[in-house]
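Using the supplied hints, reconstruct the complex from the two chains, each of which is provided in its own coordinate frame.
Chains A and B supply the protein sequences, listed in that same order.
Under this note's numbering, the residues of the first sequence are numbered 1 to 525, in order.
Under this note's numbering, the residues of the second sequence are numbered 526 to 797, in order.
Treat the hints loosely; a few may be bogus.
What the hints assert, rightly or not - Quick list of the computed label-pair ranges, beta carbon to beta carbon:
hint, chain 1, residue 1, chain 2, residue 2, range
1, A, 97, B, 773, 49 to 55 Å
2, A, 407, B, 597, 37 to 43 Å
3, A, 98, B, 624, 29 to 35 Å
4, A, 311, B, 541, 53 to 59 Å
5, A, 325, B, 543, 43 to 49 Å
6, B, 623, A, 385, 32 to 38 Å
7, A, 97, B, 551, 35 to 41 Å
8, A, 390, B, 703, 25 to 31 Å
9, A, 385, B, 703, 15 to 21 Å
10, A, 407, B, 600, 34 to 40 Å
11, A, 52, B, 550, 50 to 56 Å
12, A, 411, B, 600, 29 to 35 Å
13, A, 411, B, 640, 42 to 48 Å
What the hints assert, rightly or not - Simulated pairs of lysine to any residue, SDA-like, Cα-Cα distance not exceeding 25 Å:
hint, chain 1, residue 1, chain 2, residue 2
14, B, 565, B, 751
15, A, 432, A, 388
16, B, 696, A, 317
17, B, 696, A, 344
18, A, 408, B, 685
19, B, 696, A, 337
20, B, 696, A, 316
21, B, 567, B, 756
22, B, 696, B, 708
The set of hints was computed from the structure by calculation and includes no laboratory data.
None of these values were measured; they are calculated from a predicted model.
Heads up, the beta-carbon is just placed ideally off N, CA and C, and yes, glycines get one too.
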Amino acid sequence: MLSAEGLSLDIHGQSILRDVSFEVAPGEVFGLVGESGSGKSMTALCAMGLLPRGAVRRGAVRFGGEDLLGAGERRMCDLRGRQMGMIFQEPMTALNPVRTIGDQVAETLLVHGAAGRFEARDVARERLARVGLPEERFGLDRYPHELSGGQRQRVCIALAVALRPRLLIADEPTTALDVTTQAQILDLLRGLVDEEGMALWLITHDLAVVADMADHVAVMRHGRVVEAAATERLFRAGRHEYTQRLLRDSRHVPKRVAAVGPAPVLEVRGAVRDYPAKRLRLLGPRSMFRAVDGVSLDIRAGESVGLVGESGCGKSTLTRAILGLDPLQGGEVRLDGQPVHAGYLPGALRARMQVVFQDPYGSFNPRHRVGRLVAEPFHLVPVAVSGRRQRVAGALQAVGLEPADMDKFIHEFSGGQRQRIAIARAIVIRPKLVILDEAVSALDVSIRAQILDLLADMQQRFGLSYLFISHDLGVVRAITDRVLVMQAGRIVEQGETGRVFEAPQHGYTRQLIAAAPRIPQDWVG
Amino acid sequence: MRLPGQLVFGAVLSAVFLLAALVSLVWTPYGVEDLVISNKMKPPSGAHWLGTDHFGRDILSMLMVGARTSIAVAIVAVGIGMALGVPLGLAAAANRGSLLDEVIMRGNDLVFAFPSLVIAILITAVFGPSALNAILAIGIFNIPVFARVTRGGALSLWTLDYVLAARVAGKGRLRISVEHILTNIANLLIVQGTIQFSLGILAEAGLSYVGLGAQPPVPSWGRMLAESQTLISLAPHVAVFPGLAIVLTVLGLNLMGDGLRDLLDPRLRRAR
Numbered sequence: 001m002l003s004a005e006g007l008s009l010d011i012h013g014q015s016i017l018r019d020v021s022f023e024v025a026p027g028e029v030f031g032l033v034g035e036s037g038s039g040k041s042m043t044a045l046c047a048m049g050l051l052p053r054g055a056v057r058r059g060a061v062r063f064g065g066e067d068l069l070g071a072g073e074r075r076m077c078d079l080r081g082r083q084m085g086m087i088f089q090e091p092m093t094a095l096n097p098v099r100t101i102g103d104q105v106a107e108t109l110l111v112h113g114a115a116g117r118f119e120a121r122d123v124a125r126e127r128l129a130r131v132g133l134p135e136e137r138f139g140l141d142r143y144p145h146e147l148s149g150g151q152r153q154r155v156c157i158a159l160a161v162a163l164r165p166r167l168l169i170a171d172e173p174t175t176a177l178d179v180t181t182q183a184q185i186l187d188l189l190r191g192l193v194d195e196e197g198m199a200l201w202l203i204t205h206d207l208a209v210v211a212d213m214a215d216h217v218a219v220m221r222h223g224r225v226v227e228a229a230a231t232e233r234l235f236r237a238g239r240h241e242y243t244q245r246l247l248r249d250s251r252h253v254p255k256r257v258a259a260v261g262p263a264p265v266l267e268v269r270g271a272v273r274d275y276p277a278k279r280l281r282l283l284g285p286r287s288m289f290r291a292v293d294g295v296s297l298d299i300r301a302g303e304s305v306g307l308v309g310e311s312g313c314g315k316s317t318l319t320r321a322i323l324g325l326d327p328l329q330g331g332e333v334r335l336d337g338q339p340v341h342a343g344y345l346p347g348a349l350r351a352r353m354q355v356v357f358q359d360p361y362g363s364f365n366p367r368h369r370v371g372r373l374v375a376e377p378f379h380l381v382p383v384a385v386s387g388r389r390q391r392v393a394g395a396l397q398a399v400g401l402e403p404a405d406m407d408k409f410i411h412e413f414s415g416g417q418r419q420r421i422a423i424a425r426a427i428v429i430r431p432k433l434v435i436l437d438e439a440v441s442a443l444d445v446s447i448r449a450q451i452l453d454l455l456a457d458m459q460q461r462f463g464l465s466y467l468f469i470s471h472d473l474g475v476v477r478a479i480t481d482r483v484l485v486m487q488a489g490r491i492v493e494q495g496e497t498g499r500v501f502e503a504p505q506h507g508y509t510r511q512l513i514a515a516a517p518r519i520p521q522d523w524v525g
Numbered sequence: 526m527r528l529p530g531q532l533v534f535g536a537v538l539s540a541v542f543l544l545a546a547l548v549s550l551v552w553t554p555y556g557v558e559d560l561v562i563s564n565k566m567k568p569p570s571g572a573h574w575l576g577t578d579h580f581g582r583d584i585l586s587m588l589m590v591g592a593r594t595s596i597a598v599a600i601v602a603v604g605i606g607m608a609l610g611v612p613l614g615l616a617a618a619a620n621r622g623s624l625l626d627e628v629i630m631r632g633n634d635l636v637f638a639f640p641s642l643v644i645a646i647l648i649t650a651v652f653g654p655s656a657l658n659a660i661l662a663i664g665i666f667n668i669p670v671f672a673r674v675t676r677g678g679a680l681s682l683w684t685l686d687y688v689l690a691a692r693v694a695g696k697g698r699l700r701i702s703v704e705h706i707l708t709n710i711a712n713l714l715i716v717q718g719t720i721q722f723s724l725g726i727l728a729e730a731g732l733s734y735v736g737l738g739a740q741p742p743v744p745s746w747g748r749m750l751a752e753s754q755t756l757i758s759l760a761p762h763v764a765v766f767p768g769l770a771i772v773l774t775v776l777g778l779n780l781m782g783d784g785l786r787d788l789l790d791p792r793l794r795r796a797r
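Isolated chain B, as found in the complex (with noise of 0.2 Å):
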């Protein structure tokens, strides 16, 4: 079986910036802490391959580890959304029309309502800014995101004859939706979460980028771009390396995840 080439592009860089986070766990050029002023502003050279910061921070080793904030929060984020959202959009389509159904769906128009970034600033306000509070902001707002994805998805499900088949068969509610629709809406889950995990990248880079995400000194891109931009005009390259890192990763997880949902469908793997 031939891959796609796209799912296999995607899967690389996001794969690259992965086990950049990783090793950044054990091993950086230089320590992200290691301040030499003396050192500041330099361009990308042997030493230093991606150049350093105003502070003369390695810049290379503040991606590896700003990768693992940024990772770790995407993670966590899009684990919340699912977890809540892909069962209660499941109840509200295996109940379609009920109280239940209502009280969900309106319960997500309610958190929809909000602007979501917005929410996340007054949540990091109150509690104190921190990748936590991050995590927890940027997770709540992938609830509704997944349970309307979930029950669009199941809805359509209901409808057909293998559910029937399976009702006359004697399943419950609880079993078709776990046995049928689940695994047929999982292609658009993994689409689904994929768009999230990268918003979530975004979302992460954009708290800290108005310093309310991961705290200094511990390195986050977002903050690497806030600091950065006076800088644009003397060291192009403080900024650039960190804007790269976010557009590339959010690129290859979309790249990633339309090749998975390809791979994942038997009906487009026999087309192909």
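Isolated chain A (complex conformation) (with noise of 0.2 Å):
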């Protein structure tokens, strides 16, 4: 139905794509992966006519027969929304927040002229009905923020289904969503394609969701389609030597010595986290809300312990609280057996933790060189100014950058790199406990890999504890010695990785393990 043949596109003079080829058939889903600023996204707003000024294409896109590359904007029009639907990544900014749902699904059909203003109305209702958004629980007038990041998805759905297109492409439509959304929306998704003989264009980084989802599979890289054929037996039998290498690197374990000694550097007891809510009425109380309810851990010396759960679980808050940034309503910290308090913290005892966060572009201030970032906790520590250039080497040459870089700003840096030089940052004064709040979350597989690697490498060279946060379960599984699994503000269950992952007891674990898509065992041997 939708083919490309021999598609390029240069944008100013740079090639983005390279003779790229595929072919999506009626009612199949296909996925398209690859790493970032591999050029899928680049392929759909190719074959869209959503391409920035500058771009020049070359080949073929045929849709339903008819050259696309050749066709004008106003047929484009024609065809977007009612021929082609697309959906985005980030549902909290793909809908027009002072609008109500109703009327932003009823809008494409006005616009496409292919329903009277009641009419129209009505089908908004039936459409956000199927993608699981019924008019009694979720009425036409709700806004965008009065729904979930999941719901949103839906409302962007339904909006891309509203006039039945015959295809629809779907760029990372789950990868801002947590494990539980990811799994509902894809159900959705694949009852769409079912159903309404839709074709499903995936576009995705995750080779697990392309496993459970697609039926043929292309892989990107640098522009270009390295392999593509049936999804099962690209996985079993992939030749190109970049699809191996995906796999291998997506189910990367690195290798861990356990060294683990028997005192707690951590401890933490009951702890209580309320905040504020919103008030109802004007002048009314406050009423609180309890993020964190009763969380009690231990973390010994050298050990990797995981913490998992959905976004708004309390996972963030309960970080904050132990790193001292914000202060307990009960319970307590304590770090090698001396209490933490919000507030002032002597620097000796804080210098004894520090912490990587997700994002490798808002971790570090944009306006100092890498030395200076790097050298930040020497804050806590008195160490002589002479000394800490080099140990700022020697911590940049530890996660595998050269002491030459110090003299950098960071925007000059991969994603990868920022977050190596973020993990140089955190132990450069040799902390004991480094917390991991989603590290590789924002990293292509392969970076991940060596991240992981890096991550237990320096773990047995420095004794490091770790408390790795994240909604990944597969990098959660591959790193840690204990994982806890939190929901709604306590510790639903706990115990050794590998005992919870294979038996878990609780319904929230079953129910997230299950969630989680995976590449089926037999496939990759």
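As structure tokens, this is what we get:
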């Protein structure tokens, strides 16, 4: 139905896509996988005719026999929405915040003159119900901010399929969502394909999602399709070296030698953290929201402990309390036996724990050079200024960078390199505990594999303890000794990582594990 | 590194006026107090490049000295606004939601609630018209502008991971405000500074126009405009040149501000 032949794209003379060919058949799910910057999204935008200025396309894209590259803007406008729908990664920004969801879905119909005002509302009602937002619970007069991320993505899907297009392009539709929400959205997409005979073009970096969903798959790298095949065949017998490497990296388990000491480094006892919630009435009493509810945990020297749970479960709040950034309303945190209080914390104590954040782009002051960024924690320990440069150089070398990188600015580094710098900053003062808050979630699989290896290596060399916070169960399984499962502010299950993943006791843990997409074991040997 | 055209153009425009102001300290083509009535309202000529006004004074000389007045008033007024407004804004952002934040921001609202020119007129009316009082009046109204811009920019930075990382490194609010926040809102402040600078020049011209700024015989662009408005059909150049001076200075400052922002931001620098 949709086919690309020898599609190439240059933007301002820079080659983005080269000789891309693929085909999407009616009623099938076509998966396009690749790492960031491989040209996946550009291929979709190319087909939709939504390219930036200065773009030059060559080759052919045909949709139902019609050449899309030669089609005028007017014709493309007619096709978009009516014949081809598209949804994006970020449901938070894909909807207009000042218009109701009913209006936004109805608008698609009105724009295409497919229905009158009242009829359009009826269709909007029906389509929203189809994507799991029935009117009794989610009125058409709701605004996007009243909905959760998963619900918003449903609205985006309703928008895209309002006119029952023949093709739906989904660009990383679940990357911003929790694992259980992801499973629901993927179910919904699969249902739409089966029931409405729609073709789905699924663009993702996640091989497990593709394994779960797609009928056939193309792997992209540096603007080229390196390999394309039926899904099972690709996973079982992918020939291309890059395909094999992606598969290997996505299941990478770093080598670790367990060297867990007996003494606890971190003890959390009955931690409670309340937030004032919104006032329900003007001048009414403020209700409190309990984000962390009686959490206790221990981390021993040299141990890796995973903390998993969905967004909003209190993981980050707990982290901030452990780091002594926010006060607790109950319970206590002890580091090396000494109490951690929010507010004043002696430098010598604070120096024993450091943190690495998720976002390799927001973790650094863009105006400082790397040397100064990595040296920031020296604030806590008495180190002579002369010795600092040397220790920063040592830390950079330990994470696989050059001492000369000290004089560069952070924007000169890639995401993976930045995460290495973040790790260098965390270890430069030799802390005992490093909290890794979704530290590898934003990275491509190959980079992620390298960073996991690096973390395992650092742990062994410096005897670090890790608190590894993530929503990615695969990663947690790969690098932790013990795992804690958090739901709605409470730890619902904890135990040895292998035990928890293989024989989960709590219903929520089972739900989480079941929801995570997986590459079938026998496909990959 | 290639400099953006607008920065060069804006800087050149601003520099011309700054230079004129500086040169006027030691030399002007004619004395600004030399009245030669017989020579009044002469159009531009070889002897008087920009002509003469209704008292026969040389307009070029008056504009040069007027530039000095305008720039001095605007610099000091922006200085007052920044010196008080930025620390207030930083303090409010660092203590978001606290009583201090409320007091600072509601105080700002209070100042904002009054029309600035009217209050400036009030101040100069009470304390007497002079350049000094004009400076104070304009400066006071710059404080809340800078406080708000600072707080707004700072609040979004306080949520970023690198600020959190600095807190984990044990740095206090004051230190983070100076080291991480201020450096990253510097471009906002520069742009706002140039806008306020040009607004200051406009405000000074406005106050002088109604007779509350620099007093005669000190030349001022605003008063030159005011005095020439009845003559505009007889000798348009008497009004046009001070007007042009104001427009070009303001334009130059704004272009320079935009250009500087692009230049100072390492991320934008790379994008070019």
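| query | Of the numbered hints stated previously, which ones are contradicted by the structure, given in increasing order? | reply | Hints 1 and 7 contradicted; others consistent.
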